[in-house]
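Student: Here is what each chain is made of, one letter per residue.
Protein chains: 2
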Amino acid sequence: MKRLMLGVFAALALAGAARAEETAQEKANKAAVLAFYDAALNRLDFEAAAKYLGPYYKQHNPTAADGAEGLKGFLTYLKANFPKTHSDVTMSFADGDYVILRVHAVRTPGTAGNAIVDIFRLENGKVVEHWDSVQPVPDKPANNNTMF
Amino acid sequence: MKRLMLGVFAALALAGAARAEETAQEKANKAAVLAFYDAALNRLDFEAAAKYLGPYYKQHNPTAADGAEGLKGFLTYLKANFPKTHSDVTMSFADGDYVILRVHAVRTPGTAGNAIVDIFRLENGKVVEHWDSVQPVPDKPANNNTMF
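Keeping their order, the protein sequence lines are chains A and B.
Take 228 as the starting number for the first sequence in the working numbering and just add one per residue.
Take 228 as the starting number for the second sequence in the working numbering and just add one per residue.
Derived from the structure by calculation, the hints contain no laboratory data.
Hints are supplied without guarantee of correctness; some may be wrong.
Chain A is nowhere near these chain B residues, computed Cβ spacing over 10 Å in every case [as the list claims (entries may be wrong)]:
#1 ALA262
#2 ASN269
#3 ARG270
#4 ASP272
#5 PRO282
#6 LYS285
#7 ALA295
#8 LYS299
#9 PHE309
#10 ILE327
#11 VAL333
#12 ARG334
#13 GLY337
Only pairs whose alpha carbons sit at most 20 Å apart, straight line, appear in this in silico SDA-like list of lysine to any residue [unchecked claim]:
#14 LYS367(B) x ALA291(A)
#15 LYS306(B) x ALA292(B)
#16 LYS367(B) x GLY294(A)
Glycine residues also receive a C-beta, built at the ideal position from the N, C-alpha and C atoms.
For reference, chain A alone in the conformation it holds in the complex (with noise of 0.2 Å):
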């Protein structure tokens, strides 16, 4: 019965541990990449953004290259043309290695702005890849409801 018991509470713990785990790691990883995108999207800030990227960066964003230095050009052109940028994150998920963020962002205030999905890869808890889509918001949209 003893070694039942410790069978049982070896099972429990392991589940636990396993599970915690997990969630841990989601929540670590969508933390890295809220601050990740605040420090590069808002702050502009390459080197503070860079702590966050893995070993690579592969990009599927069309307009900008691989790796970190695809990174720190698209911030140095943001910073000459846009300098008074801003993106609201107004959704967040976490599946597995994925961060998901739904992103409100207009780069010259007073304007609507662009409707933003970003996927995000992550490998050991740092950005390695990332996939997005940025649709225009209308000034006449066919509801309510606002695009997040």
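Mind docking chain B on chain A? Use the hints.
Tutor: Chain B in isolation, oriented as in the chain A frame:
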């Protein structure tokens, strides 16, 4: 000891049940959204798609109206103008009540099509809310990774 054992087994069963339920619900949500998406966007079959809708359908896509009627109108438009439209789901995610799809949608065969991310919220396994961002796939991307 017997009471303790029962307590441990009950805790184990409850923990397992609660987590299994979460996972099963996320899996069921993802399966429902994939079936909904295929019925709507590939088969253009409103009746088949409508079975996956909940008692309301709040639409954040700025070109569509709320409700099942909004979906019906959209599918009628696609049938009339793009009867050969096809959407490939290249990635799918589930987080709680939300399912997220990465999609390559080609309305006219042979064209580059659109890179889309769709976000669905479900209640009781039924689709009740939708957001998306739609971006044309460009001819000359800045990297060779495709948008998918």
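Student: Now, for every hint given, state plainly whether the structure supports it.
Tutor: Comparing the hints with the structure gives:
1. ALA262: Non-interface label on ALA262(B) holds, nearest chain A Cβ at 19 Å vs cutoff 10 Å.
2. ASN269: For ASN269(B), whose nearest Cβ neighbour in chain A is about 19 Å away, the distance exceeds 10 Å, so it holds.
3. ARG270: Since the minimum Cβ distance to chain A is about 23 Å, ARG270(B) lies beyond 10 Å and the statement holds.
4. ASP272: holds (22 Å)
5. PRO282: Non-interface label on PRO282(B) holds, nearest chain A Cβ at 17 Å vs cutoff 10 Å.
6. LYS285: violated (6 Å)
7. ALA295: holds (14 Å)
8. LYS299: LYS299(B) clear of chain A: closest Cβ-Cβ about 14 Å, beyond 10 Å.
9. PHE309: holds (18 Å)
10. ILE327: violated (5 Å)
11. VAL333: holds (15 Å)
12. ARG334: holds (16 Å)
13. GLY337: Fine: 19 Å to the nearest Cβ keeps GLY337(B) off the interface.
14. LYS367(B) x ALA291(A): Roughly 11 Å between the alpha carbons, so the hint for LYS367(B) and ALA291(A) holds.
15. LYS306(B) x ALA292(B): Answer holds: LYS306(B) to ALA292(B) is near 17 Å, not above 20 Å.
16. LYS367(B) x GLY294(A): Status holds; Cα separation ~19 Å.
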